[in-house]
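*Asks:* Sequence:
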Amino acid sequence: KNTLSGSGSLVKTGTGELTLSGDNTYSGGTTISDGTLIAASVNALGSGDIDNSGVLKVGEGELKNTLFGSGSLVKTGTGVLTLSGDNTYSGGTTISDGTLIADHADSLGSGDIDNSGVLKVGEGEL
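Position one of the sequence shown corresponds to residue 4 (my numbering), numbered consecutively onward.
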């Protein structure tokens, strides 16, 4: 388990899964070209934008990173995940468990929402 830091970026390639753990501080952004990127907490995702063409699975925390691309977002685990940015990802959202809080409807990107947990939305139109 390594810690990622510095101004560089992370690019997830290939169809498999990559799990990020720990508190990573890299600032160059994240690209998911294919496959699945798993983060138990948003602290594993650094501070840059996330270009998602695959699947991003996140457990808990406040995701301040901007999320865009054709990929999907999956909320995992029993904790609370908060989306606070204007996100434009188009692959849909799945809430497998726990609570997903969106500051506003634009935080959820576009695409269908499959909810098996709790979804709280501050304002906007779904």
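Be aware that a few hints might be false.
[Claimed, not checked] Heads up, simulated SDA-like pairs for lysine to any residue below, C-alpha to C-alpha not over 20 Å straight-line:
1. 60 to 34
2. 4 to 54
3. 67 to 85
4. 123 to 73
5. 60 to 16
6. 67 to 123
7. 67 to 91
8. 60 to 73
9. 67 to 4
10. 4 to 73
11. 60 to 127
12. 67 to 17
13. 60 to 80
14. 67 to 19
15. 67 to 16
16. 60 to 24
17. 60 to 20
18. 60 to 121
The set of hints was computed from the structure by calculation and includes no laboratory data.
*Asks:* It remains to establish, for every hint, whether it holds in the given structure.
*Replies:* Results for each hint:
1. Of the supplied pair hints, the one linking residue 60 and residue 34 holds, its CA atoms being roughly 14 Å apart against a limit of 20 Å.
2. With a CA separation close to 23 Å, the supplied pair residue 4 and residue 54 exceeds the 20 Å bound.
3. Simply put, residue 67 and residue 85 have alpha-carbon atoms about 8 Å apart, close enough for the 20 Å limit, and the pair holds.
4. A threshold of 20 Å between alpha carbons decides the hint, and for residue 123 with residue 73 the separation of about 23 Å lies outside it, so the pair is violated.
5. With a C-alpha separation of about 15 Å, the suggested pairing of residue 60 with residue 16 holds against the 20 Å cut-off.
6. Our distance criterion of 20 Å between C-alpha atoms is met by residue 67 and residue 123, whose separation comes to about 17 Å.
7. For the hint linking residue 67 to residue 91, the alpha-carbon distance of about 13 Å falls within 20 Å, and the restraint holds.
8. For the hint linking residue 60 to residue 73, the alpha-carbon distance of about 15 Å falls within 20 Å, and the restraint holds.
9. A hinted pair counts as satisfied when its Cα atoms are at most 20 Å apart, and residue 67 with residue 4 does not qualify at roughly 24 Å.
10. Of the supplied pair hints, the one linking residue 4 and residue 73 is violated, its CA atoms being roughly 29 Å apart against a limit of 20 Å.
11. Simply put, residue 60 and residue 127 have alpha-carbon atoms about 24 Å apart, too far for the 20 Å limit, and the pair is violated.
12. Pair hint residue 67 plus residue 17 does not hold up; C-alpha atoms about 26 Å apart against a cutoff of 20 Å.
13. Among the hinted pairs, residue 60 with residue 80 is consistent with the structure: their alpha-carbon atoms are about 10 Å apart, no more than 20 Å.
14. A hinted pair counts as satisfied when its Cα atoms are at most 20 Å apart, and residue 67 with residue 19 does not qualify at roughly 26 Å.
15. As the CA atoms of residue 67 and residue 16 are separated by approximately 23 Å, the hinted pair breaks the 20 Å bound.
16. A hinted pair counts as satisfied when its Cα atoms are at most 20 Å apart, and residue 60 with residue 24 qualifies at roughly 12 Å.
17. For a cut-off of 20 Å, the pair hint linking residue 60 to residue 20 stands: about 10 Å separates their Cα positions.
18. For the suggested pair residue 60 and residue 121, the alpha carbons sit about 16 Å apart, so the restraint of at most 20 Å is met.
Going through the hint list in order, the structure does not satisfy hints 2, 4, 9, 10, 11, 12, 14, 15.
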